[in-house]
Amino acid sequence: MKEKIIEKILTLLAFSAIGVLLLITVFIFKEGLPIILKAGIKDFLFSAKWAPTKGHFGILSMIISSLAVTFGSIIMGVPLALACAITLAEFCPPRLLVFLKPTIELLAGIPSVVFGFLGVILLVPIIREYLGGPGLSLLAASIILAIMILPTITSISIDAIQAVPLLYKEGALAMGATHWQAIHLVILPAARSGVVTAIILGMARAIGETMAVIMVAGNALKIPSSLLDPVRTLTSTIALEMGYSAGDHRTALFAAGIILFIFIMVLNILANLLMRKK
Amino acid sequence: MGFKQAFIGFSLVVFLFAPGCSSKSSPRSHSLTIAGSTSVQPFAEKLAEIYMAINPKLIINVQGGGSTAGIKACRERAAQIGTSSRELHPDEGDLTKIIIAKDGIAVIVHPQNPISDISIEQLRGIFSGKIRSWARLGWVDKPIFFVNREEGSGTRDAFEGLVMQKEEISDEALVQDSNGSVREIIANNPQAIGYISFGIVNHQVKALAVNSISPNLKTIKSNQYTLTRPFIFVFPSQPTDLAQRFIDFVLSKEGQIILEKEGLVGIH
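So the protein lines, in turn, are chains C and B. If you read the first sequence in the numbering used here, its first letter stands for residue 1, the second for the next number, and so on. If you read the second sequence in the numbering used here, its first letter stands for residue 1001, the second for the next number, and so on.
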């Protein structure tokens, strides 16, 4: 009796969490779809003219910026995170690992606004002085995001590497491979799906990040033509403009949310599929 | 036996779902709705907050939506007071208007920038992306970084009306979503230029003279400084009792001091 009731209550609570997700999905689509239909999907996705108070709802530049920032952070973050993961999983003495792994995971707990603030104070002036441009740029946003996704990718990759059966490594070493050869020829390929999942989850984190990006990206609407150009991502637009938005403008922000939602859904589904394959 | 747990579980569920249905009880008899300009909104909210503290029974709703929407809401009696940060159009003359304060839009640059005066035409050139180098304004040949406000901002709306007129602000502009963060960017970048409310200007930045008139309390009050806009309350010729009392409060010495503390220029 007692068991059953507790079971029911827990199930109810679990379903309410899914219910919330469902409600959010329905709400975003209900609020955002009308403007996509009104502006036309083509004009919405493939026009770069965004002036919602004057009737222009093109989000192309934001889509490009979001992808560029994410891509940039992956290029910079993945080698770093993989190096971290390999070192920690393979070369690190266990006693040091106990100390290093939580430290890297602590990086994930730092609020994004702190990363943004550091970016504005330290990174942006350096970029402006040594590389040119306004400093607030695609490059600055990518670097900050690379640091932010580091712990996600590192810790999932460590798990993937450690999940490779010891037998593989022993076999490779027995065949005369050096430790490094065993890592890059045997262990990494065996851990591939886990590592790719880690990268995809890192991408999802990067594309959804808002606060730090607003602070360092400069938020210009123009499609960026160089790394030093300022960019405006989908998330920044929503956060920047929601305060005073009304009517069609507000709907258009929800529509931008739909696109973001689809991006993140696709990334998550990919990550899930890859994990199952493993 | 299981009763206790069942009860706890039940009350948990009730607790989770209850807040949605409790808000409609005990309607307050006195309420006032103010709607309109998003520039006036923060100031109206501040005034309302203090006025409600003095009159605890009164509820004042302050809404945004823009000057035009505010005037419309007032005309349709959806709001007792409409707010506007632009002068009324001739066809809006059926409503009574009162200027409650004035706001100057200061054009700011880094203190190291030697330029101290700018014309409206130069300003328009910079923000439309036609003037790209500080050399055109008599300084070094370095790119100009101009900082804009986000779409929907009242200050941006006023800047577009007063400076840009028919021209569009270039999409190369950096965008920040508050007076404070625009100021922060300018304070850290010697080549940047932007615009903020006069009340927010501090020692970190330098406010330029526009068409040779520098912004200060006097030039803004007298409209000599070009980038000045009025903050207006509009209401039907016979406002409700509550509305009238709130307007009296805003125009009183106390109300004006509140507005000046928030960075506006009072009318007295």
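No lab work stands behind these hints, which were simulated from the structure alone. Predicted, not measured: the structure shown is a model, and the values here were computed from it. Every residue gets a Cβ at the ideal spot worked out from N, C-alpha and C, and that includes glycine. One or more of the hints may lead you astray.
[Said to hold, decoys possible] Only pairs whose alpha carbons sit at most 20 Å apart, straight line, appear in this in silico EDC-like list of lysine to aspartate or glutamate:
#: 1; chain 1: C; residue 1: Lys222; chain 2: B; residue 2: Asp1117
#: 2; chain 1: B; residue 1: Lys1142; chain 2: B; residue 2: Glu1160
#: 3; chain 1: B; residue 1: Lys1142; chain 2: B; residue 2: Asp1248
#: 4; chain 1: C; residue 1: Lys49; chain 2: B; residue 2: Asp1117
#: 5; chain 1: C; residue 1: Lys49; chain 2: B; residue 2: Asp1248
[Claimed, not checked] Selected chain B positions facing chain C (Cβ under 10 Å, derived; list incomplete):
#: 6; residue: Gly1064
#: 7; residue: Ala1135
#: 8; residue: Trp1139
#: 9; residue: Asp1141
#: 10; residue: Pro1143
#: 11; residue: Asn1148
#: 12; residue: Gly1154
#: 13; residue: Glu1167
#: 14; residue: Ile1185
#: 15; residue: Gln1191
#: 16; residue: Asn1202
#: 17; residue: Gln1204
[Unchecked claim] Covered stretches of chain C, as calculated for chain B (at least 3 residues, CB under 8 Å):
#: 18; region: 221-230
#: 19; region: 267-275
**Item:** Contradicted hints - numbers only
**Value:** When the structure is compared with the hints, numbers 1, 2, 3, 4, 5, 7, 8, 9, 13, 16, 17 and 19 turn out to be violated.
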